[in-house]
Structures are given as structure tokens and as C-alpha cells.
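Chemist: Once you have looked at the hints, place chain B on chain A.
Chains A and B supply the protein sequences, listed in that same order. For the first sequence, the positions run 46 to 715 when my numbering is used. For the second sequence, the positions run 46 to 715 when my numbering is used.
Some clues are possibly wrong.
[Claimed, not checked] Okay, the calculated bits of chain A under chain B, using three or more residues with CB under 8 Å as the criterion: (1) 235-245; (2) 424-431; (3) 521-527.
If you're looking for bench data, these hints aren't it; they were derived computationally from the structure. Glycine included, every Cβ here is placed at the ideal spot set by N, Cα and C.
Number of protein chains: 2
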Amino acid sequence: MSDLDTICVNTLRFLSVDQVEKAKSGHPGLPLGAAPMAYVLWDRFLRHNPANPDWANRDRFVLSAGHGSALLYSLLHLTGYDLPLAELQQFRQWGSRTPGHPEHRCAPGVEATTGPLGQGFAMGVGMAIAERELGARFNTTEARLVDHRTYAIVSDGDLMEGIASEAASLAGHLRLGNLIYLYDDNHISLEGPTSWAFTEDVGQRFESYGWQFLRVDNGNDLGAIDAAIRSAQADTARPSLISVRTHIGFGSPVADSAKAHGEPLGPENTRKTKEALGWPVEPPFLIPEDARAHFREALLRGQRWETEWNEVRNAFRHADPALAQAFDDQLAGKLPGGWDANLPAFRPTDGAVATRDASQRAIDALAARLPALLGGSADLAPSTRTSIGGAADFSEMDRSGRNFHFGVREHAMVAILNGMALHGGLIPYGGTFLTFSDYARGAIRLAALQNTHVVLVFTHDSIAMGEDGPTHQPIEHLASLRAIPNLTVIRPADANETAEAWRLAVTRQGPTALVLTRQKIPVLDPGQFPVAKGVARGGYVLSESDGGAAQVILIATGSEVSAALDAQKVLAGHQVRARVVSLPCWSLFEEQPDSYRRSVLPEDVPKVSIEAGSTFGWARYVGLDGESIGVDRFGASAPGPTVLRELGITSDHLVEVALRLVRPGPEGRP
Amino acid sequence: MSDLDTICVNTLRFLSVDQVEKAKSGHPGLPLGAAPMAYVLWDRFLRHNPANPDWANRDRFVLSAGHGSALLYSLLHLTGYDLPLAELQQFRQWGSRTPGHPEHRCAPGVEATTGPLGQGFAMGVGMAIAERELGARFNTTEARLVDHRTYAIVSDGDLMEGIASEAASLAGHLRLGNLIYLYDDNHISLEGPTSWAFTEDVGQRFESYGWQFLRVDNGNDLGAIDAAIRSAQADTARPSLISVRTHIGFGSPVADSAKAHGEPLGPENTRKTKEALGWPVEPPFLIPEDARAHFREALLRGQRWETEWNEVRNAFRHADPALAQAFDDQLAGKLPGGWDANLPAFRPTDGAVATRDASQRAIDALAARLPALLGGSADLAPSTRTSIGGAADFSEMDRSGRNFHFGVREHAMVAILNGMALHGGLIPYGGTFLTFSDYARGAIRLAALQNTHVVLVFTHDSIAMGEDGPTHQPIEHLASLRAIPNLTVIRPADANETAEAWRLAVTRQGPTALVLTRQKIPVLDPGQFPVAKGVARGGYVLSESDGGAAQVILIATGSEVSAALDAQKVLAGHQVRARVVSLPCWSLFEEQPDSYRRSVLPEDVPKVSIEAGSTFGWARYVGLDGESIGVDRFGASAPGPTVLRELGITSDHLVEVALRLVRPGPEGRP
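For reference, chain A alone in the conformation it holds in the complex (with noise of 0.2 Å):
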């Protein structure tokens, strides 16, 4: 190691526990570890522009093992990011840009949000893919507009965990060259050493995967750690695990202890390790001139790809501008003019259609006219209607394929999905049945939480799906869905309401969970009713109570909002006006003005909500003196119609508990 490389490495090193000490609270464990291998992959391999973190075709980076952000941040602020030292000196704390974990769109330069282990490693599959698709779209041989490759730092912990397992093999199947991992080999885990729970031969695991896989034997050993980057290089047609050997805690007094790991030095132990590694123990946040100088040749660099990038793009522009256009706006996330031309519009005569059919013809009508549309499913694509027509599979043969077949690895599909959303220019979406989206929660909430444009289709949303039973009876899923912030959950009464809803799900910039039926529904009649229009605001008024004021509002979603239509007409026979809403998304309508939302469901009318699923959390519009109708309890094997019937989500049902609620006492039992 040169002496300026020991002092660039060192730097990282104790900005990095610096900001720890400074927050009191943080992971020192890993930056002391691993800021050598970081320091080599930044310094050597990394094309980026810290002055453009936007710039499309830049390596993409991610630390899976996000407990070690502080030594992010300290990449981010020596290369010349748009992070002030300032925003190190405050991290972990209120309103910075140096959060516990690296949140994307929170500092520049961090590609994803990452923390919950393993969901790094999937995203940076998923971005990998990215990276193939766009290039086989728009790369010629003269210009490679998108040709780049997607590095990450993983810990023994996203190993361990199973999503991580469910990428790496989709990965090596794929035979994503452009992959590669530095895996940080500390011995430690947060409980003690790995040999208390994790000697498998991780080496072994990942050539079984199709990887290839490297191991440098010691962590701080520049030379060996380049050269099994370039060994990862080389081999284009792997993706590539490189083991490295490090020390949680180099330098310091709990070295290779699990005490490194997960808490701050504390002062003494501080200035123990800044003296071991011979570093001065003041001032805090230290950054030699020379190192700063070094780190920021980063920013020199970064231009100077970008502009070879750019001269690249402009021949291109040149001589196809067509094309290059279409790659800018696909990039920007800018629609096609006419993209929705095609939503297909469905009439009560077309006969009962299930919406996960309207859904495959809507993926049909959006993917011939939006190049950015693509996915799959986890194994389950003749289910749940989730290929494209036409289109070929992505493989390794075929790198321009928009059909997906992800395995059953729900988990890893989310996760992909929310990689290639990040790296932009797509926008992916995946289904498996309502009830395996638990397989799928950690993902789904990293969705969330980062605003990734992906579409989740969920399909055999209730107990109607009938034989298959209570493993795959969904019933608590719409609650635990939409309980989760920022996360639009969908469930369309009929083919037109989800036409609608993938119209939203294309237009919105975040996650749109779509809530299907596997049983055909009646189309209802666009004639008759303003059905669809309303998907946009939530909730609405299908259908008015005929001949006065409504005297009970029968609240329904999905394939019961045609229950709660005859129950309207049962009721009518009754002499009680009723008025049906549809209430297809709860957070929409909790978006709209509270003016609307009290003209659709008035406070002094009695509501009933019927739902094929937990009840939970309807009391928020039907109040107190109103009724859910739903399923409390887990579902039963046997056909659709016959489930429907004895858990109670009929019409009847519904029926009588209105009239309960409209005439209380004996009379309202009909």
C-alpha cells in the first residue's frame, strides 16, 4: 500500500467512526473492515460523476450491508458529492442527509435505501437487469449508450438471509456478467462469531448459482482486491462473488468481536485505534489535503466519462434520433404520447370477466405502446395473467425479453422489481396470488418507502379463489397492504375498474398494488353506472339510491361491489334506499378534500361495508353504528361460490344487515 493509499483508506476509516462518535450511535464495525476494498472499487473501478448523480449510464453502487452508512457517506462527501462535511458532522440526527441506514433521494449518490439485510443484493440484481435490457434496446454497435456494470458490498448477514439466495440464483441463471459483489467476510455477526450459525461453504453456494467466485485473503491487501475486481471484470458472462477476508473493527480494541459491530467506539477506544493505525487522534473528521485532493480526482474522472459518454449519445442522436429520443424520454420516465390509447373498455354483454383478465388485457394494450412496461411473475404467470402477449422472455439469449420468469422467489421478484425501477428508465411489475405477497412484505415496504415506481399485481384476492383453501385463501392481506404508508392498493370492482387502475398505477410515481379476482365478475354497466371514473378519487358513489335520500350506504370493493348492486335492488323491493359506493382505494380517497369525501359517504347515514376479507380497519368509515361484513376468520377448502356462501359474503347477507341497521328491532330481520 502507498503511503497516500493508507492515508486515503484511513480516512475513510475514521470519518467514518468519527461520525459514529459524533452521533453517539452507529456501526463502526464495518467501515474500519471493509474501507479498504470500498477504497479500491471507488478509486480504481467506479465510473460515476459526483457532479451528476443522475448520469444514466454510471455504475450503479450498493451497500447491502447499509449498517455501514457512515462509510457511504464518506465516499459520497471525499469523491466530490453534494454532501457537506456538515451532514457527516450530523448523522443519525433530525432533518439530515445522513440517516442511520443510506435512504435513496435522501443524499446524492446513494442508489437505494438499504438496512433490512439482503434487500441489497436482490435490488442490485434487479438493476443489473436494467442495465441489459436497456443496453440490448438501445445500444448499437457503434454506441453503447448503456454499458455498465452494478457493484455492491454485502455482509455475511444478506448472505444468510433467504432473499439474498432467491437473487443470487435467478442472477447466475441469468448470467448477469455485469454483476459484482464484494462480500465484507468478517467472522462476526451481530451476536457473536458466524461459526455459531453460518459455516456453509459461501463459496461453493454461489458457483453452484452459476457465480463465479473469488477470495482475497486479506482485506487490507490493495493489490489482491484489485485484481479480483478485474478477474470479476473479465468474466462477462458470470456474475461474480469476491470473498474478502476482513476484521470488524481493524485497528480497534473489540477487532474481530461482535462488540464492533453495532455500537460506537466510545472516546478511549477511539483514540486507541486512531493510534494504532497511526492517525492523529484530533481533530475529529480529519481529511488530509493530500487525501482530499486524491478522493476528489474522482470528480475529474467522472467528467470526463460523462462527456465520452455524451459525444457517444450525440453521434447516436445523430444517426438515429428516433431512437435516441425515445431512450432520453424512457430514461426521464417520460410517457409516450397515445400510451393509454390503447385500455381496452368492456360491456356488461362481453359476459362476466375476471379481473385479473382485464388486467392481462390492459398489460397487453399498455406494453404495445409503453417499451419501459415489463415483468413477470413468481411462477405463477398463467395465474395470474401477468405476461405480455407476444413478447419474448428475457434471457440470457435474449436481453431485450419483457417477459420475467423470477421462479418462486416472491421475495426476490419485489426486491428485483424495486432494483430496476431504481435504475430507471423501466417500469417493472410482478405477480404472485394476494395471499404470497406475506412472502414479499420486506421488499414490499422497501417499494414503499423509496417511492419505486413498480406495479405489484396480486391476484386471487379472496376466499372465492375456493379449492385451493386456507394456505391460499388471502384474509388479512388488503389490511396489512393498506396499512403500509404510500403504498396505493387497488382492488377494481369490475374489468373497467381495473383498466382504470392500471392507468393510475402507470401515471403515479410509487408503488401500486393491484387486488384481483381469480372468478369472472359482471361487467357493470357504463350505461348505467359511472363506474370507473371515480377509481381515480378512491372511492364513489356507483350507484344513488333511487326515489330520495339514501337511508343505508352499502360500502363494497372488488367482486362484492356487484353484491352490494343486487342488495341495493333486494332492498329497494324493501321500500329502503340504498346507495352503493365503490371504494376500490382507501388512500386515495383519504387524499380527496373532506367535502368530497362527506358527500360520498355522508356522517348521518347508516354504512355496511362488505369485503371478502378481514374486516379490519372498515370501522374508519362505517363508524361505530355501522357493520362490516367480512371474513374474521382464516378461509375453508371447497369451490368459490360455496365458500362465499357459508363465511356470509352474499348479497343476502348483506341484505338483512342493512335492514337491521335501517329498522332496528324485529322487523329489520327479514
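Modeler: Using the frame of chain A, we list chain B on its own:
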């Protein structure tokens, strides 16, 4: 294959196919392909007693590929379990004991509820751990009371799921030689050939985990299957995966295609399949007499095995009556006398106590008198406070250890807890941060669905955990967990409520989630308040309003109960009489009689809730006229008290809202 073997295998095949045909729903492909391996395992190896499905020392068999349920029902019926043919003829019908996917307790001999892929794989690991644990405690040189194996049939879908990777890595680490899995390697998943998404080298992968990997090239070769199982049994130091090359839908016109997976063959193809395999087309549900007789020999073998075991147990009773009694009691789930005698009581004078620390005290107190209790954490024990003080680690070297290092594997952890509980004799617990309950949702749901007696310890239960930031701060998790049917979610208000919550978790025969603070919170004075006594009722009046009926009710859970008590005092200064209700467990409260619930939360008094999490669901208690204080956004990285203050989780905010409710208009805004 002898003629009789062929007949038996085909009996399994067509009994399964006919179930699916009659139901017009189900999965014929797996039974057709996997019947030979199932036959060999059940006929030649599985030590069970169909006449007594509860025999303690039976081998466990898990059909992890639960969609092949018809095969399991065929096996159960034919070997003499109390599952009449009439039940097979009611496959997937309302009220039958043969639901679409196997459900524990629904039919005898179904050891676990499976279907969601990967869960059975991981539960089997839990069963194998339980066997080693109980064996280490109760076996003597003469008497091996606990000495059995755990078998499973797993599919490619199981192996793709991350939860299986987590469980497999841990099973290899723990060297569970009593675990033998048969992999139905049929090269087909739902979407199509596994070559589309799953091309990893499975054998190499499992060897990397420390498993023995064996291969049977022809899934119809009973001898080869037999030999492989023998080899698996012979390796007592490693779990074994036997990859059996099968053909989905074997014998049918749709063999080796995804068409065979999830839909009935239909009458025509059923006929062709029967003809191809030399089986009478009619009648359906045919059981040739010699096949019946042969399968029923399982009853004789089972009786003999259990009789032999009873003799061992009787001798053991003679030799060590106390240990034998302890064994019987523990297996029967009987709590020893005085099991809760050491449960701690906390006094305010002892200072503030984090409920995670109170839980640690409860764990230690219970563990000393309740040998069945054991558990661990997903690499967070020092944070979740879930180690049993003074107890050893469960490891290859010490099978009686009661502390488990699950690694960073939340999903497998909870599934393994399920498996341990299903085995019987143990009350397992597992800990992680509340946020990371997301990672384990799939297994938590199966805990609730199967009613396994497990305890989930979820700490760092709110934004108050502070600096780690939004990735680690739970928001929607309380709502998401409360929405799961049959899961008892308890968020205790202080150390004494925590001890009571643990008492409930031990006595209730089902899953309990304890939601606990990282930060210290006051111990409420049991002299002043009836604290903790009401936990069993889910909610109770903690502090009555002074000087007359309450004008407002403050409802809180967990750490916010103290804030409510503070607010009550401040409101008294404003001449407002407030009642404070502690509501640690919604589901227990809902189980109380109406009269009790109304006495705690009378309808005509305005209510405010405060909880440091999503307000989702709280309208159920505060109604449309009340208000809920909570956090309906993602959190932020900063010291806990700062985050609480900035997001309005304070007694000041509670006072302000309560005043507004009691005194509408300008006066209400202090």
C-alpha cells in the same frame, strides 16, 4: 418392481387422480410422478402407527409440496389412518377432512399445514431439532424414548424459496443427521420447465450447506430409491437430500408438461393414463384387495413399533420415574407445578425498565421452571434480550442446549419454531425486531393457521428505537399482525404487563406475539393502578377519572400508556376528567362480553387513542367522532425522543386533542 409393488404404486397414483377428477380441482401431476418414492418411504422406512397418529416417537413425514395433498390422503387412507374413502371422495369440498392443501389437525397423520412453498421444508428442520433436543434430555443408554427421523417430500418450488435456503443452511450447520428429504425433481414448475428460472446445481448447493446429496436417476426405480434412503439413514452426521428424477404427470398424455401440475386431467386423459399404466378405467377409487392388504400391514408394523417403544418406556418409568413423568408431562404439554412462581414483579422504585428487559427477566424466570421453554433469535439476541441466562447453546456438540442461534434468517426461524411446536414437547420462542416480522410473515401466518404454541418476541417496537431510522422503525406492523386471525398480539404497557403477557403466552395454546420496547419506560405503580391484572382481558381501565364520570377516554398501548397517564394529570389541571385505558391486546379484548367492553369503553364518551404506530384500525375503538394519534408515515433517523416529539407522540399532543374533543371550538385549543 414386483407386481404387488406396481399395483400399490398405481393404487396411490389413481386414488389421487380420482380425487382430483371427482373434485374437478387439484394437482394430479405430483402424485403420478412421486407415488413411487412415497410408496418406498411409507412401505419400507416410515416408522409410524396409523392407529395412533399421536405416538410420540413416530417418524415425522411432511409433504412440503402440499399441492400434492391427494397423494398424502391416499397414503393415510391406505395405511389405515382414520380417514375413510368417503373423505377422499369429498376432496376439496366444504367440511371434508381432505382440503386442497394438507391442514394439520384436519386429517390424522397430517403433521403440518403445507402449501405455501418452503414452509414444510423449514418446519421439518424444526421437527428434527425438537427430536435431537428431547432425545438429549430424555434418552438414556438403555432407553431411547426419542429416536426418530423426519422425512419430507419437497419440490423445486420449495427449493427456490428463500426460506428453504435459510433452513437448509442452518440444518447443515447443526448437522441434523435425522433429516431426510426426497426432492421430487420433475423439471417442471407451474409456468413451464424449470430450465426457465432454476438452473442452479442443487446438489452442489446442498453440499455447500453441509448436506449429503444423493441422486436417483429413475424415479420409478424402487430399488434405487430404497438404496438412497438407506444411504441417507446411514449418514447420521448430515441431513440428506435425495434428488429423485421423476416425471410430472407420469403415464398421462400431459406428462412432463406444466399442464399436468395444477388442473385435473379430465375424463379423457384420465382414461388414457389408466390405460397406459395398465389400470382398470372403472371404477374410480379402485383399491385392489392385495394392495389394500399390503398397505394395511402398516398397522401391524405400527402396533409392533409402538408396543416395543412402550416396553422401553415402561422400563424407563421403573428406572427413573421422575424423568419418565417429566417426559410424559412435557410431551402432553402439561405445565409443571409452580412454573410461573418465579415470574418477576417490578416496582416503580426500581427505575424505568425497557419491556424487552422485563421480557428477558420473564424468560429467565420461566426457563428455570419450565423445561419446555427454549428459543433464540435471528442474530439479534443481545438486542431482543432472548437468551436464557446460564443455558447452553443448542449445537452439534450439545443437543440439550436451549439457546438457539438462528442466524439472520427470520423466515426460517419462525417456521422452525412451528416445526418444533408441531413435534410436541417444547414451547419455542424466537426474537427479532418488530420491523423484521415482515420477513417472517409467511411462517407467522402458518403459526396462526395451525395454532402452533410459539412465542414471537418482537422488540424495538416503534419509532422510539431512534437512530437506526425508517428502515428499522415499525409503523404498519402492529396493524398488520393484529389483522391475522388467531394470532394473539400483546403490546404491554410496562414491565409488569410484560410479565403477565409472558404468562398468557405460556398458557394459551396458540401463537402469541409480544411487542416490546427498546427504550426504558416507567414501571407503573401497582399500588396506585390495577396494572397488569387486566392484561388477560385484553384491555382494562388503568386509571379512572377523578371526581366524577370521565369526559374523555385516553386509550393507549405499550410505551404510550405512560404518556396517557401524564396527559390525564395535565387534563385534570384543565378541569377535564379523563380515564386511561390500557389496551395491550385487541383480540383478547374482543373476546370479552359486550358488557365488559362497554364498561371499559362506554359509547357516549369521546375517545382518543395514542400509539406510536399506524392509526390503521383504531377507528374500531375511537369511532368516527374520536381521534387517533399515531404515525401514518415512515419514521426518521434521529434520537428516539426527538422522533417521538417531531411526530407528535407526546402527552402534550394527547392533551391538545383531548381538550379539542371535550371542548370543541377555540377554547379547546390551548
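Chemist: A separate judgement is required for each hint: does it hold in the structure or not?
Modeler: The hints, checked one at a time:
For the region 235-245 of chain A, the stated coverage by chain B is satisfied: 8 residues place a CB nearer than 8 Å to a CB of that chain, which reaches the threshold of 3. Check on the region 424-431 of chain A: 5 of its residues sit with their Cβ under 8 Å from a Cβ of chain B, so the three-residue criterion for coverage holds. Three residues within the 8 Å Cβ limit are the bar, and the region 521-527 of chain A against chain B gives 4, so the coverage statement holds.
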